[in-house]
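Protein chains: 2
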Amino acid sequence: MLNFTLTMQKKPLILVTNDDGITAPGIRTLINIMKTIGDVVVVAPDSPQSGMGHAITVDSTLHCDKVSKNNAEIIEYSCSGTPADCVKLAVHEILDRRPDLCVSGINHGSNSSINVIYSGTMSAAIEAGIEGIPAIGFSLLDYNWDADFSQIEDYIKTIVINLLSSGLPNDVVLNVNFPKLKKENIKGIKVCRQAKGNWVEDFDKRVSPMGKDYYWLSGKFVSSDKGEDTDIWALENGYVSLVPCQFDLTAHHTLQKLNTWKLND
Amino acid sequence: MLNFTLTMQKKPLILVTNDDGITAPGIRTLINIMKTIGDVVVVAPDSPQSGMGHAITVDSTLHCDKVSKNNAEIIEYSCSGTPADCVKLAVHEILDRRPDLCVSGINHGSNSSINVIYSGTMSAAIEAGIEGIPAIGFSLLDYNWDADFSQIEDYIKTIVINLLSSGLPNDVVLNVNFPKLKKENIKGIKVCRQAKGNWVEDFDKRVSPMGKDYYWLSGKFVSSDKGEDTDIWALENGYVSLVPCQFDLTAHHTLQKLNTWKLND
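As they're listed, the protein sequences go chains R and U. The letter at position 23 of the first sequence is residue 978 when you use our numbering, and the numbering goes up by one with no holes. The letter at position 19 of the second sequence is residue 974 when you use our numbering, and the numbering goes up by one with no holes.
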């Protein structure tokens, strides 16, 4: 592990957020790890925001309350908005200087493959990235509220210290997923691409007491991507997956083909 | 314009959705254009969903009601969920065959540049793309509910017919934005890349009658991207912008650099 603290003038300011809500065990673990590395400010949703994608609050008001005591070691704010709202509020209203890093998570559940698109955890990291702040989303493949996050603490520290030492390429944030394994069974960290995959929905259709149909979104993740360079492969084979994500969605490789369309005849 | 109808065995099935809600003038225009091209089914949110990004409803139930009469020309469903929910429900519960195309919009307001990330309109198109269905999101740079969509009808038709004739590259959907101009002043359609840009937030902080602080999200879009190949440039110079968007977020160009990190020492 690089000796980061020796080379910095002052401790880095780290913004911590998530999408499971400020009381979730995952964010409590992440806060504890980050306070060994830098000065920590928490701005996180007051309630679970899973599946919120990159939602922002445009048609409603936002509330943000300081929930830490005045003499607390860590300053914490609880916010009524989405994960992306939390980052916007933190950067433009709460913090008195730009954070050196934004970490989001640790999410209770996977954000590998296409899940990155639906992920509130990653939307916070991407929002920070758009603001030009280095950012990482962390997720553990264990939906259990009692998930054992202690197995992955050293890996998180290693990744954060590498980022603070080396910096990230412009307009890129990291999506890190951890397999549900004992520490001794984790083989290491693998830099990956996002596996191709999707959810095959199987809506659970029910009837209300008033006789009205309603649905629960349900489904199964499927991937036909056999590549050994993907996040899915890494996680299934005992590795921590690290995928660099961009928010320029342009499919540059298709521009030439689209220019053959008869758009202006 | 290509003579699409002559080459197809049967009329294409077109799924229409949006994020401004099923009653918005933008979607009513889009429905009227699409019914000249194919068989149309509408599955759209029952209320405005702007800024919902790629949110999906995982912690709550979904309602979906047929709102068209039995003998109506177009079958329409109003859904309690997000734009992405609408597409999932349409494809897996409502339609009896896979649509040949999904169109989303016409959005009242811009989804160019980084707005694509926050856009409910584009999340519907991207959800369809993930399902393997060709898809386009349409947006007009006019937030007015009384915006004049008649100026852009022929352009929408041209783009849809090109897509149905030529097909789209795999895992790509189209983000089409229209300048707020009279038809005679629109110079044509330009294939573009997403301009680099972001919102600089300026939260409007207020105090409630109970003495509690709250915020309205506000802000200004800024772009330092001077490229003449961007959607922002096209729109500012009188063109319709067409950006191919992908949902593999991997920043492939950075994998090599990240592999130099000391992650497994």
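Because the hints were derived from the structure by calculation, they are not lab data. Be careful, since some hints might not be right.
Any copy will do: because identical chains look the same in the list, a pair fits if it lies in one copy or spans two.
Unchecked claim - Once the Cα atoms are required to be at most 27 angstroms apart in a straight line, the calculated DSSO-like pairs of lysine-lysine come out as:
id	residue 1	residue 2
1	Lys1151	Lys1212
2	Lys1151	Lys1021
3	Lys1137	Lys1024
4	Lys1135	Lys1217
Original post:
Can you name, in rising order, the numbers of the hints this structure does not satisfy?
Top reply: 2 and 3
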